[in-house]
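2 protein chains.
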Amino acid sequence: MNNVTIVGSGNWGSVAAKLIASNTINLRSFNDEVRMWVYEETLPSGEKLSDVINQTNENVKYLPGVKLGKNVVADPDLMNAVKNANLLVFVTPHQFMEGVCKRLVGKIRKDAEGISLVKGMEVKREGPSLISTLISNQLGINCSVLMGANIADEIAKEEFSEATVGYRRDKAAAERWVQLFNTPYFSVTSVQDVEGVEMCGTLKNIVAVAAGLIDGLKMGNNTKAAIMRIGLKEMLAFSKLLFPSVKDSTLFESCGVADLITTCLGGRNRKVAEAFALNGGKRSFDELEEQMLKGQKLQGVLTAKEVHEVMVTRGWVDMFPLFKAVYEISSGFLPPTAIVEFNNNIPHHIKNKL
Amino acid sequence: MNNVTIVGSGNWGSVAAKLIASNTINLRSFNDEVRMWVYEETLPSGEKLSDVINQTNENVKYLPGVKLGKNVVADPDLMNAVKNANLLVFVTPHQFMEGVCKRLVGKIRKDAEGISLVKGMEVKREGPSLISTLISNQLGINCSVLMGANIADEIAKEEFSEATVGYRRDKAAAERWVQLFNTPYFSVTSVQDVEGVEMCGTLKNIVAVAAGLIDGLKMGNNTKAAIMRIGLKEMLAFSKLLFPSVKDSTLFESCGVADLITTCLGGRNRKVAEAFALNGGKRSFDELEEQMLKGQKLQGVLTAKEVHEVMVTRGWVDMFPLFKAVYEISSGFLPPTAIVEFNNNIPHHIKNKL
Numbered sequence: 461m462n463n464v465t466i467v468g469s470g471n472w473g474s475v476a477a478k479l480i481a482s483n484t485i486n487l488r489s490f491n492d493e494v495r496m497w498v499y500e501e502t503l504p505s506g507e508k509l510s511d512v513i514n515q516t517n518e519n520v521k522y523l524p525g526v527k528l529g530k531n532v533v534a535d536p537d538l539m540n541a542v543k544n545a546n547l548l549v550f551v552t553p554h555q556f557m558e559g560v561c562k563r564l565v566g567k568i569r570k571d572a573e574g575i576s577l578v579k580g581m582e583v584k585r586e587g588p589s590l591i592s593t594l595i596s597n598q599l600g601i602n603c604s605v606l607m608g609a610n611i612a613d614e615i616a617k618e619e620f621s622e623a624t625v626g627y628r629r630d631k632a633a634a635e636r637w638v639q640l641f642n643t644p645y646f647s648v649t650s651v652q653d654v655e656g657v658e659m660c661g662t663l664k665n666i667v668a669v670a671a672g673l674i675d676g677l678k679m680g681n682n683t684k685a686a687i688m689r690i691g692l693k694e695m696l697a698f699s700k701l702l703f704p705s706v707k708d709s710t711l712f713e714s715c716g717v718a719d720l721i722t723t724c725l726g727g728r729n730r731k732v733a734e735a736f737a738l739n740g741g742k743r744s745f746d747e748l749e750e751q752m753l754k755g756q757k758l759q760g761v762l763t764a765k766e767v768h769e770v771m772v773t774r775g776w777v778d779m780f781p782l783f784k785a786v787y788e789i790s791s792g793f794l795p796p797t798a799i800v801e802f803n804n805n806i807p808h809h810i811k812n813k814l
Numbered sequence: 461m462n463n464v465t466i467v468g469s470g471n472w473g474s475v476a477a478k479l480i481a482s483n484t485i486n487l488r489s490f491n492d493e494v495r496m497w498v499y500e501e502t503l504p505s506g507e508k509l510s511d512v513i514n515q516t517n518e519n520v521k522y523l524p525g526v527k528l529g530k531n532v533v534a535d536p537d538l539m540n541a542v543k544n545a546n547l548l549v550f551v552t553p554h555q556f557m558e559g560v561c562k563r564l565v566g567k568i569r570k571d572a573e574g575i576s577l578v579k580g581m582e583v584k585r586e587g588p589s590l591i592s593t594l595i596s597n598q599l600g601i602n603c604s605v606l607m608g609a610n611i612a613d614e615i616a617k618e619e620f621s622e623a624t625v626g627y628r629r630d631k632a633a634a635e636r637w638v639q640l641f642n643t644p645y646f647s648v649t650s651v652q653d654v655e656g657v658e659m660c661g662t663l664k665n666i667v668a669v670a671a672g673l674i675d676g677l678k679m680g681n682n683t684k685a686a687i688m689r690i691g692l693k694e695m696l697a698f699s700k701l702l703f704p705s706v707k708d709s710t711l712f713e714s715c716g717v718a719d720l721i722t723t724c725l726g727g728r729n730r731k732v733a734e735a736f737a738l739n740g741g742k743r744s745f746d747e748l749e750e751q752m753l754k755g756q757k758l759q760g761v762l763t764a765k766e767v768h769e770v771m772v773t774r775g776w777v778d779m780f781p782l783f784k785a786v787y788e789i790s791s792g793f794l795p796p797t798a799i800v801e802f803n804n805n806i807p808h809h810i811k812n813k814l
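Top line first, the protein sequences correspond to chains A and P.
For any residue, its number in the working numbering is found by taking its place in the first sequence, counting from 1, and adding 460.
For any residue, its number in the working numbering is found by taking its place in the second sequence, counting from 1, and adding 460.
Any given hint could turn out to be false.
A pair counts as met if it fits within one copy or between any two copies, since identical chains are not told apart.
To be verified - Below 27 Å or equal to it, Euclidean Cα-Cα: the simulated BS3-like pairs (lysine-lysine) are:
(1) Lys617 - Lys678
(2) Lys754 - Lys617
(3) Lys731 - Lys678
(4) Lys693 - Lys617
(5) Lys678 - Lys527
(6) Lys742 - Lys617
(7) Lys707 - Lys693
(8) Lys731 - Lys617
(9) Lys570 - Lys631
(10) Lys693 - Lys678
(11) Lys543 - Lys562
(12) Lys521 - Lys754
(13) Lys757 - Lys731
Calculated directly from the structure, the hints in this document are not laboratory data.
Produce the entire structure from the sequences given, and follow the hints as far as they go.
So, in structure tokens, the structure goes:
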């Protein structure tokens, strides 16, 4: 029998609990109970968040109004939450992942398997640090990822959407994750390309900044579609340079083109970039970010900077004109209009390769 | 020296004339003059359309307010227009192509090359009839295609966009077309996949109907992105079944993902499908079409029907659940909401192959 624990209970973690709980109750090879580790908080009412979740079956703070399923058990004790689980779903904010992993070393089952739902890994100068690799290395377990066009609130409302499981080698493990997440309104497929799936989840945010600039410049759908397409090709080319095993076909999965579309139509990266262009670049991203996002950091601008560092170090800058332009515009070196001018100086033989 | 004639002078044909004329004037291997065949009309003022174009340098009827270039010569005589040309750009409405070709048999230069900008070929039961094949067969010339995210009015305003030349074998001929169309704001690349490029241009309209239904059902971006992604995969799979030479990579070109995005964000197929869903399917596509499009036919609904016939004949229906759903919804057999339910009855092993 498989035991599932969700490490995290934010907005996306709570939706994951709802999806999984609707499946464990019907699938014979899974225990019904889904344990969800809750980073304990005291609510304004004085009650503990985990107690309220267990009483009401609802994460009143991060997913109010949605029943998680009676078989979801909130547990504020991380060690207790994971001790019986052989299936660990990681869905904490990105910056907490390293600390959580450290606490879990030696505390989990030897036969455990992990899956990461954490988007926004860091791209450092020496290369990107994949969250799935961090988990694998620190805990000595196999770790897959689940990414896709997944706006949590839409899935909570049971609107049709999709996701992609990326796995390294173990197809059977991947199929178990698919079984655990898949519902009639949440269609999950698996691909053997953990790096491709995870890179898509990060790099799309750079393209979303570019798309937002186009919106702010009041350009048409032709131009926006062109920029998204160029972005998709740069995402693929950059991922393949870093990880030669990345497959072209991964881009046709939910984690690729679909997540890119969602992110470029909505999403905060697009929105702040639109405001930046509307202001003619006169107000910095930092300033707009603070005003519009209230403390949240803009992933796309950060990733553009990190990717640019990697490109400079490796001599790849001229191969990625769109990524370069997003970096130079968001850093204030070029005006927002440069987003449609980056193309002019590229020799045709390079452009054809993009 | 190369001589260019544009066979057609509508909205897109006039933009093509503008693009080409800006290049022939600068390129040594091309004569400056670009001849444009005009299907003669008498304007309300009593003047002939071709005379007005030649006097004002503007297609006052189909692209008012945009100068075409002084080296564009409107010619109402088809035979005279083509007689010196070795480069023929076909851009008439789809339904006139067969008649135009018949008139041109034996009247063009033996060394002529063609390129078709005509979207919306017919998919008949015995397979799709590609416009480029029609031209090739009837005139005995090599024929490439140019497709992409090309809303004519945006290109006329010189907003950045892209296009794809699809060619059969002759790379040098394709590169000449690229040279002829490419400008700083209109970025053209070539791929050796004439069928892939042309199929994308047709099948995208089915997906646009699906996207419009999602909009009319007031569903979120997750769902729309998922539907567009599934549509893209069905476009690829269907094209490859009909033409095994079609390349996956063609979908990453402007004619593929970018044209799909433009068409699903704007465009009349999306718009009428949205109205259809908003009315709960109670007013037929025919009725909405008549009211909203004033005589223009809705390509997506027609193509869905034709593609469905091909699928039935060849036993492919269950492999294309989205195409099937669009056909069944637009024919009134299923309600608009079926567009997000088509997925439920597909065995997982088939879904994974899509």
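Cross-check of the supplied hints:
no.	hint	result
1	Lys617 - Lys678	between (32 Å within a copy, 13 Å between copies)
2	Lys754 - Lys617	within (26 Å within a copy, 38 Å between copies)
3	Lys731 - Lys678	both (13 Å within a copy, 21 Å between copies)
4	Lys693 - Lys617	between (32 Å within a copy, 26 Å between copies)
5	Lys678 - Lys527	between (41 Å within a copy, 23 Å between copies)
6	Lys742 - Lys617	between (39 Å within a copy, 26 Å between copies)
7	Lys707 - Lys693	both (12 Å within a copy, 15 Å between copies)
8	Lys731 - Lys617	both (23 Å within a copy, 25 Å between copies)
9	Lys570 - Lys631	within (19 Å within a copy, 58 Å between copies)
10	Lys693 - Lys678	within (24 Å within a copy, 30 Å between copies)
11	Lys543 - Lys562	within (15 Å within a copy, 78 Å between copies)
12	Lys521 - Lys754	within (17 Å within a copy, 51 Å between copies)
13	Lys757 - Lys731	within (13 Å within a copy, 36 Å between copies)
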